[in-house]
Amino acid sequence: GIQVEQSPPDLILQEGANSTLRCNFSDSVNNLQWFHQNPWGQLINLFYIPSGTKQNGRLSATTVATERYSLLYISSSQTTDSGVYFCAVEPGTYKYIFGTGTRLKVLA
Amino acid sequence: GAGVSQSPSNKVTEKGKDVELRCDPISGHTALYWYRQSLGQGLEFLIYFQGNSAPDKSGLPSDRFSAERTGGSVSTLTIQRTQQEDSAVYLCASTPGIRYEQYFGPGTRLTVT
Numbered sequence: 001g002i003q004v005e006q007s008p009p010d011l012i013l014q015e016g017a018n019s020t021l022r023c024n025f026s027d028s029v030n031n032l033q034w035f036h037q038n039p040w041g042q043l044i045n046l047f048y049i050p051s052g053t054k055q056n057g058r059l060s061a062t063t064v065a066t067e068r069y070s071l072l073y074i075s076s077s078q079t080t081d082s083g084v085y086f087c088a089v090e091p092g093t094y095k096y097i098f099g100t101g102t103r104l105k106v107l108a
Numbered sequence: 001g002a003g004v005s006q007s008p009s010n011k012v013t014e015k016g017k018d019v020e021l022r023c024d025p026i027s028g029h030t031a032l033y034w035y036r037q038s039l040g041q042g043l044e045f046l047i048y049f050q051g052n053s054a055p056d057k058s059g060l061p062s063d064r065f066s067a068e069r070t071g072g073s074v075s076t077l078t079i080q081r082t083q084q085e086d087s088a089v090y091l092c093a094s095t096p097g098i099r100y101e102q103y104f105g106p107g108t109r110l111t112v113t
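One line per chain: the protein sequences are A and B, in this order.
Position one of the first sequence corresponds to residue 1 (this note's numbering), numbered consecutively onward.
Position one of the second sequence corresponds to residue 1 (this note's numbering), numbered consecutively onward.
This is chain A alone, in the form it adopts within the complex (with noise of 0.2 Å):
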């Protein structure tokens, strides 16, 4: 099946800082998601990207779909940004695979 692998797996940030996050796949993919974890657990929504670029605030996100990866990019950032983030794809099983993630923990 289909691998996803995340980089890099943990990532300490000074506040302010800007930090890049990346999401390798496998095989082709019809349907892409970024997700945040905050440290309650939740999982929010930030970015459903098959492909092509998006930008909400501070966070941007790419994705090179005949390349097989997309990044998320984080500016200026914040102790609420801390968390675990995480990419899932869709191979076209409508089954979302999802990334080992990336433990973000930003200081003050």
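If you're looking for bench data, these hints aren't it; they were derived computationally from the structure.
Ideal placement from N, C-alpha and C gives every residue a C-beta, glycine not left out.
It is possible that part of the hints are untrue.
Claimed, not checked - Derived CB-CB ranges, DEER-like: (1) Glu68(B) x Gly92(A): 23 to 29 Å; (2) Gln55(A) x Pro96(B): 22 to 28 Å; (3) Gly16(A) x Gly51(B): 43 to 49 Å; (4) Gly92(A) x Gly3(B): 23 to 29 Å; (5) Tyr73(A) x Gly59(B): 28 to 34 Å; (6) Thr79(A) x Asn10(B): 23 to 29 Å; (7) Thr53(A) x Glu85(B): 38 to 44 Å; (8) Ala54(B) x Asp27(A): 20 to 26 Å; (9) Lys17(B) x Asp27(A): 37 to 43 Å.
Use these hints to put chain B onto chain A, whose structure you have.
What follows is chain B alone, placed relative to chain A:
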């Protein structure tokens, strides 16, 4: 509008007992997913319902796990003869249809003692 709700939020049960977990999707959403998240891990797909079609049960880990969706809305995940390895957070998500973004509920934390 109301989001996806799940109940109970926490469940502690003894090994060997049966448990039922409930998911109320967003009104009008036709697709519903169940996932399991073990401590510190990613999400593992369990089962998927779309409208009146037969569910995709390919992720259920054993025949002790079953799920149903009544009237195309509320879903119940049942785990029979629970084992300690079933301890996890069980998450439900719904979407307006296939290939739309998923919206997650808060999860049910299951602890089997």
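Range hint compliance [Cβ, Gly16(A) to Gly51(B), 43 to 49 Å]: Because 47 Å falls inside the window, the suggested range holds.
If I claimed the Cβ atoms of Gln55(A) and Pro96(B) lie 22 to 28 Å apart, would that claim hold in this structure? 23 Å, holds
Range first: 23 to 29 Å. Now tell me if the beta carbons of Gly92(A) and Gly3(B) are that far apart. 28 Å, holds
For the pair Thr79(A) and Asn10(B), does the Cβ-Cβ distance stay inside 23 to 29 Å? 27 Å, holds
Holds or violated: 28 to 34 Å for the Cβ distance of Tyr73(A) and Gly59(B)? 31 Å, holds
Please test the hint of 37 to 43 Å on the beta carbon pair from Lys17(B) and Asp27(A). 40 Å, holds
Could you see if the CB distance from Thr53(A) to Glu85(B) stays within 38 to 44 Å? Holds - the Cβ-Cβ distance for Thr53(A) and Glu85(B), about 41 Å, lies within 38 to 44 Å.
Falls inside 20 to 26 Å, the C-beta gap from Ala54(B) to Asp27(A)? 25 Å, holds
Does the Cβ-Cβ separation between Glu68(B) and Gly92(A) fall within 23 to 29 Å? 26 Å, holds
Consistency with the previously given hints is maintained throughout, with no hint failing.
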